[in-house]
Every structure is written in structure tokens, then in C-alpha cells.
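Following the hints, position chain B against chain A.
Chains A and B, in that order, are what the protein sequence lines are. Residue numbers for the first sequence follow the working numbering, so the first one is 30 and each next one is one higher. Residue numbers for the second sequence follow the working numbering, so the first one is 1053 and each next one is one higher.
FYI, nobody ran anything at the bench for these hints, they're computed from the structure. Any given hint could turn out to be false.
[What the hints assert, rightly or not] With a cut-off of at most 30 Å between alpha-carbon atoms, the simulated DSSO-like pairs for lysine-lysine come out as follows:
{"#": "1", "chain 1": "A", "residue 1": "Lys233", "chain 2": "A", "residue 2": "Lys279"}
{"#": "2", "chain 1": "A", "residue 1": "Lys104", "chain 2": "A", "residue 2": "Lys239"}
{"#": "3", "chain 1": "A", "residue 1": "Lys227", "chain 2": "B", "residue 2": "Lys1138"}
{"#": "4", "chain 1": "A", "residue 1": "Lys104", "chain 2": "A", "residue 2": "Lys288"}
{"#": "5", "chain 1": "A", "residue 1": "Lys227", "chain 2": "B", "residue 2": "Lys1190"}
{"#": "6", "chain 1": "B", "residue 1": "Lys1119", "chain 2": "B", "residue 2": "Lys1138"}
{"#": "7", "chain 1": "A", "residue 1": "Lys104", "chain 2": "B", "residue 2": "Lys1190"}
{"#": "8", "chain 1": "A", "residue 1": "Lys233", "chain 2": "B", "residue 2": "Lys1119"}
{"#": "9", "chain 1": "A", "residue 1": "Lys279", "chain 2": "A", "residue 2": "Lys104"}
{"#": "10", "chain 1": "A", "residue 1": "Lys298", "chain 2": "A", "residue 2": "Lys288"}
{"#": "11", "chain 1": "B", "residue 1": "Lys1091", "chain 2": "B", "residue 2": "Lys1138"}
{"#": "12", "chain 1": "A", "residue 1": "Lys279", "chain 2": "A", "residue 2": "Lys227"}
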Amino acid sequence: MKTLHKKYLAALLTLAGFLGPVHSPALAQFDVGDLLKRGEQATKGLKTIGKAAEQIDPATEYFIGRSAAANVLSKYRAYDDANANRYVNEVGQSLAAFSQAPEVYSGYHFQVLDSDEVNAFAAPGAFIFVTRGMLRLCENEDELAAVLAHEIGHIQNRHAVEHIKSSRRGDLVAFAGKTALEEAGPAQIAVARDVLDKAVDGMKDVLFVKGYGQGAEKRSDADAVEMLRTTGYNPWAMLRVLERMDARAKRDKGLGIFKTHPKTGDRIKSVRKELKRIPNSPVPAARVERFEAALQQARAE
Amino acid sequence: MIKSRTLWVAGLALVIVGAAWAAEKTRQVQVRETTLRDKPSALGKVLGTLRYGERVQVGEGGDAWSKVSAQGQDGWIRSSALTARKIQLAAGDGSANITASGEEIALAGKGMAEAETQYRQDNAYLDDAFAFVDRMEKEPLYRVSAEELAAFLEAGGLTPREGGR
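In isolation and in its complexed conformation, chain A is listed as follows:
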């Protein structure tokens, strides 16, 4: 074959390689470019978090989140107060709608926990929990919004998945990347069970012992400032909450959120920088009044 013809053929085959899989649904899961990318990532141990997170589908994350949420609920009692829970959902859903991750598999669900400990938890799916102790730390709706926005920050950055150790994360990515065409057989279920076990173990460690790490916390703080601003809340509420937490930190050292998020001073410095060009203003009375009304019982000692 003449050289010029070879070049044409190569070009046409390359074009077919890109267009073929997309145009033919049956071949879609054999997208060569995608497979190569995934194989590359698996062997290199998933360098960038962003790429890894993209590979994991919302439905897989959701199942991990359900089990993580169940573990939270076995450790802490749910607080049975319709007013408080309804209100927390209204604030939380408002933020989620204007976050970078408004579309998680099952939507956002918020629950108050009956504990004096200052704490909050986020599980993919998404399930977000906040303790009565944390509600008492807040003085108005904007501060509650700051706490919830920070948790939504963990969801939108997919910190839960990212935190699973890199070797196990490879399994998770490989699993999530599969496109099943048939009902899952016993072998596939065993793989899924292994992925679930590892992921939930990882989540328990993060939520109750180690936290996500300072980098992830500061990222969530920055995202919370942005989310507050976009939704219409006063972003300075994030700083107010951190300052209150800092004041409590000595008294509650090693407990609840102070165990998993120890370096509050450092977070305060970073949030101050985020707020540099953002004006402060008092929280409107409406957002103090409805906060106090809805959470009157919850915040009572």
C-alpha cells in the first residue's frame, strides 16, 4: 500500500475508533480510550483525586453512604423532633440546590442527632447529620448553614471515596467502572461485598476517629464560604462558627468534632483569607427568629 493511502487509512480508523463506540450503544462499554485511561490510572495508583472520583458512579457511592449512615445511626440516637428536622432539611436543601453537587443519587437528607457532643457527619447518597450540641453552638440560621455547607462540601468533593486507601480505591474504581449487562451473579456480588466492606471500614475510620485531614477540611471550608455566598447567606457565618468551635476546643479536646477536626486555628486563618473581598453584614431578623423557633427544643439544655 502506498504511504499516502496508509496515512488516510490510519486517520479514518482513528476517527472510527472515536465515533464508533459512541454511535453504537452496544459497543459503548468498550470505549477503548476510556479503558486505556482507567487501566493507566489503576496502575499509577490514581494520581489525581478528581479523575478517580469521576470514575465512581452515584449509585455505587449511594450504597456506601447508606451503610455509613447506618453506622452513624447505630452510634448516635436520632433526635425525634419534626420541627427541628424539617427546618434543618429546609436549610440544607437550599444550600445543596446551589452547591456543585446538587444531583447525588438519592438526594440530600438531613437528620439531627440526640447528642450533646459538637459534631456533624456527611455520608454519600447523601445523608448529613448534625448533633444537638452543634445546634447549640450556632446562634442563627446562617451559622447552621455554614455547618451544613461544610458537610455538603465533603460530598461535592467526594472526600469519602478519595479517602479510601489507594490500593482499595483501585478496586472501587474498577468496580464502579463496570457496566453490567446482566443480573449480578455470585462472583460479582462477592466483588461488590468486598468493595462495600472496605469502603464502610474506611468511612467509619474517617467519621469517628481520624477525620478527612486538614487539606480536605480547608477545602470544605472554602467551598462552604462559596456556597453560603451563592445561596444568599452571609459567608462570615463560617468564620463565626469556627471561632466558637475554637473557644470550645480546649474544653472538649479530643471529643466529637475536636477529635476529627483538631486544627481549628489554622482553619480560621484560611477562612479569613477567603473572606477578604466579601462584605460582612448582620444576619436579618427573620433568619434569627425562625432558627430560634424551629430549634427551641433541640437547643434546650
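Below, chain B without anything else, positioned relative to chain A:
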């Protein structure tokens, strides 16, 4: 030897195929439920609800919002609710117009639902907790409709800034 003309014809055919592909992209919904809105805004009017696996045709894809044709009408969907990956529902082929009518659509046979069942069997102390997680997913207390959201924002003096990212 392949004639140049044959190659050109083949090339042209591919270009046409490519153009057709580029003009109309099929995507599937990868979340349990999402809304079709009349504009690219969280406060846009809800034109319809789409369910996991449902197919849409994307006209204009953006980072945050995609302009689509779905359920016989045009509107906007959050791009993150859509995937180019193929979602096969366990109950047969995922055809274009899926309506859930309250029943859970079984997820694609990857085994996660079965894995959870096993996990629960092996950890019976989590029974009550899982029951509560189910409540959180189902009870109206935890659901805030588009109208309720708009009313809540307004009553609180909240004016969101949407960037159209």
C-alpha cells in the same frame, strides 16, 4: 490497492456519521430522580421528573446545565445527573420512557444491592439503623419540593446568585 476515491467516500461517510453523533448525544439519568426545568436555574419551573436510566437527547452540554429533549419536550437538566455510560436496568432493556410510579427500579446488576443485604445479615445490630436510613429516604419530612424551597428562600430574605457555570 485502495483507490483514493474510495478512501475519500469512506472519509466523507465518517464525517457525516460524526456530525450526526455530535448533533444529538444520548445520555442516561444516573440518579434516582431529577427534574427537567424550563431554564438553567435551580429555581426554574419544573416541567417533568426523570428517573434512573431514562434517556435524553442533549442539544447543548454545559458544566452545570444541559439543554435536552426528554419526555417529548425541551428543557434543562443538571449535567451531573446525566452519564454517557450505559445504564442497563435489571428488569430488561432500559427503554426511553421509563416511569417508576413509586416502585424502586432495580439498579443495574452490579451487585451492590445484594452486597448490602449480605452486610445487613452479617451485622444484625444495624437493623434498626438501616430502617431509619430507609425512613430518611422515604418520608416527606426529608423532602423539600421546588415550591417549598422557593418559599423558604423568600421568607428568609435569601436571594441566590446563580452564575450559569
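Each hint tested on the structure:
| no. | hint | in the structure |
| --- | --- | --- |
| 1 | Lys233/A with Lys279/A | holds, 25 Å |
| 2 | Lys104/A with Lys239/A | holds, 16 Å |
| 3 | Lys227/A with Lys1138/B | holds, 26 Å |
| 4 | Lys104/A with Lys288/A | holds, 16 Å |
| 5 | Lys227/A with Lys1190/B | holds, 27 Å |
| 6 | Lys1119/B with Lys1138/B | holds, 20 Å |
| 7 | Lys104/A with Lys1190/B | holds, 22 Å |
| 8 | Lys233/A with Lys1119/B | violated, 39 Å |
| 9 | Lys279/A with Lys104/A | holds, 24 Å |
| 10 | Lys298/A with Lys288/A | holds, 20 Å |
| 11 | Lys1091/B with Lys1138/B | holds, 27 Å |
| 12 | Lys279/A with Lys227/A | violated, 34 Å |
Checked against the numbered hints given earlier, the structure breaks hints 8, 12 and satisfies all the rest.
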